[in-house]
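J.: Listed in order, the protein sequences are those of chains G and H. Going by our numbering, 42 is the number at position 18 of the first sequence; the sequence numbering is gapless. Going by our numbering, 14 is the number at position 9 of the second sequence; the sequence numbering is gapless.
I should point out that these hints are in silico values taken from the structure, not numbers from a laboratory. Predicted, not measured: the structure shown is a model, and the values here were computed from it.
No farther apart than 25 Å at their CA atoms in a straight line, the calculated lysine to aspartate or glutamate pairs in the DMTMM-like style are these: (1) G/Lys41 x G/Glu132; (2) H/Lys6 x G/Glu68; (3) G/Lys41 x G/Glu68; (4) G/Lys81 x G/Glu44; (5) G/Lys35 x H/Asp44; (6) G/Lys81 x H/Glu8; (7) H/Lys6 x G/Asp87; (8) H/Lys47 x G/Glu109; (9) H/Lys47 x G/Glu44; (10) H/Lys73 x G/Glu68; (11) H/Lys47 x H/Asp89; (12) H/Lys47 x G/Glu68; (13) G/Lys81 x H/Glu99; (14) G/Lys81 x H/Asp32.
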Amino acid sequence: GAGVSQSPSNKVTEKGKDVELRCDPISGHTALYWYRQSLGQGLEFLIYFQGNSAPDKSGLPSDRFSAERTGGSVSTLTIQRTQQEDSAVYLCASSLSATSGNTIYFGEGSWLTVV
Amino acid sequence: KQEVTQIPAALSVPEGENLVLNCSFTDSAIYNLQWFRQDPGKGLTSLLLIQSSQREQTSGRLNASLDKSSGRSTLYIAASQPGDSATYLCAVKETGANNLFFGTGTRLTVIP
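Only chain H is shown next, with the shape it has when bound in the complex:
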């Protein structure tokens, strides 16, 4: 069964720092990988979707990379802001499967 791990579970950084969040998965036969953001008491907001044939995707200050062979993805956040404080979740969709497998997330706090 696919297992998705996110380390660290929590991270605090001062405003303005660049940071990297990590996601690893055990089965490389994935269809795509998606990064989400979840604010307290809210649902999930999709940030970036990387198809299995892609190596990275960028949106504004966010850049997500995918290395299928090593079972890893990273989410890079440039010039962090207090508004970036949230829990970040990665999820993989396997080829031929209907559901997403989620990590337990990294809780990010950006200190003003």
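Pulled out of the complex, with its shape left as it was, chain G reads as follows:
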């Protein structure tokens, strides 16, 4: 596609429910990132995928968070048993390859509100 696409753009969910956030990276980009941006805070790294390599999950805040990337393209970030502190914007980004120092392109984010 022309850019990184994320869905849903907005999600309101009840505490304790599971949510899935989807990211469709730019076609041909092998590197994919998930970040979280809380109100008034900087961007927090969550997880990174590069091609068929094992993902770097070092940023996931708890075991309620998981992500997968199918076929080296679309990625899904899942948050189980959501808590109010999970409310944030979840941003997905992609680049041609992380190791080549290419520009990283971000989607417009999925705004999650847990009530």
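Following the hints, position chain H against chain G.
T.: Showing chain H alone in chain G's frame:
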């Protein structure tokens, strides 16, 4: 752990002024540094990418410099316009690391 700081947190200037945004980082072993723009309610738009071997990059009215030894980068905006109003974020990628370390940004307002 790499820490990225951006000062000031907010800046207001009249239209037409030239301005400089600052970014500092604690660990100089970086692979590259990238400046982004974020409009309210939107994602990040990449402005300039400087590789560790470079000293500056230019795009239109924007010029970004990098001084690895002092752990600093600046983003210079010439002849500012109201449309430049946004939050500007810098991010560094360390050698051998997968993720970017972001500053908390400078919120710029250009007053017509």
